[in-house]
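S.K.: Position 86 of the sequence shown, counting from 1, maps to 85 under the numbering used here, and the rest follow consecutively.
There are no misleading hints in this set.
Pairwise CB distance ranges (calculated):
1) Arg155 - Val92: 21 to 31 angstroms
2) Lys80 - Leu164: 44 to 54 angstroms
3) Ile60 - Met116: 42 to 52 angstroms
4) Lys89 - Ser6: 23 to 33 angstroms
5) Ile16 - Lys227: 39 to 49 angstroms
No lab work stands behind these hints, which were simulated from the structure alone. Positions of the beta carbon are idealized from the N, C-alpha and C atoms, including for glycine.
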Amino acid sequence: MYKYPVSIKQFGEKAIIIEWPHYVEEAILNDILQFSTSLKANYLKNNNFELVTAYNSLTLIFYDTNFNFNKTKDFLLGCYKNEEQQILFKNSVWKIPVCYDEEFGVDLLEVAQKLRMTPKQVIKNHTSTTYTVYGIGFLPGFMYLGGLSKEMEVPRREVPRLKVLKGAVGLASKQTGIYPQESPGGWNIIGNCPFPLFDAKVEIPIFVSVGDKIQFYAISKSEYDLLKIEIEIGIFTTKNMLANG
0 MYKYPVSIKQ
10 FGEKAIIIEW
20 PHYVEEAILN
30 DILQFSTSLK
40 ANYLKNNNFE
50 LVTAYNSLTL
60 IFYDTNFNFN
70 KTKDFLLGCY
80 KNEEQQILFK
90 NSVWKIPVCY
100 DEEFGVDLLE
110 VAQKLRMTPK
120 QVIKNHTSTT
130 YTVYGIGFLP
140 GFMYLGGLSK
150 EMEVPRREVP
160 RLKVLKGAVG
170 LASKQTGIYP
180 QESPGGWNII
190 GNCPFPLFDA
200 KVEIPIFVSV
210 GDKIQFYAIS
220 KSEYDLLKIE
230 IEIGIFTTKN
240 MLANG
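With the hints as constraints, model all of the structure from the sequences given.
M.R.: Right, dumping it as structure tokens:
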């Protein structure tokens, strides 16, 4: 039997989207990631496709293959049903530094007031939670992080900013995330991460994957400035943030 009821639809000329129940649940995300891992290992062993995972869906993009939708749909359903071929995926846990200094946390005081907390309590709550990467998008490297405690939920800003700094750490409703580059944005900004989340010059431009875990830890402004230098000269790398490596 299938673990979840899934629907499979054609998604353009060379893509298929598989959709799980429309709930934001880690169990559903884990099932999607497990199925994706199994597909790559057991069934789709060439390099002419791409798998895109997010929240409740898995999209298969075939680059140079004309596929028969009905046959491919039946094939995928058969793969999903075959529990013997399921392979557990492995995620990474990342400890990411954030400076919550007032220079960066431009909305921190307002957020604290809305949540009836002190800024220190907001920071403590934000850094005491382990978040799950549910999706990457909007901007290259922008992580949509689920797991924010209910007491930390705050709505998006009524008027988005035209300019949000690269590395800005924000809150919006049930999620938190980091802006990987300067852009407009409507999230409540409470801090800044000095480490670049997207680098087009390296082989793997986004070091974080959907399903990974994120833990934030607070650093001072002086530590932030020092880290920026260490990152620039290559002393502080992704290896320094990998908690389960």
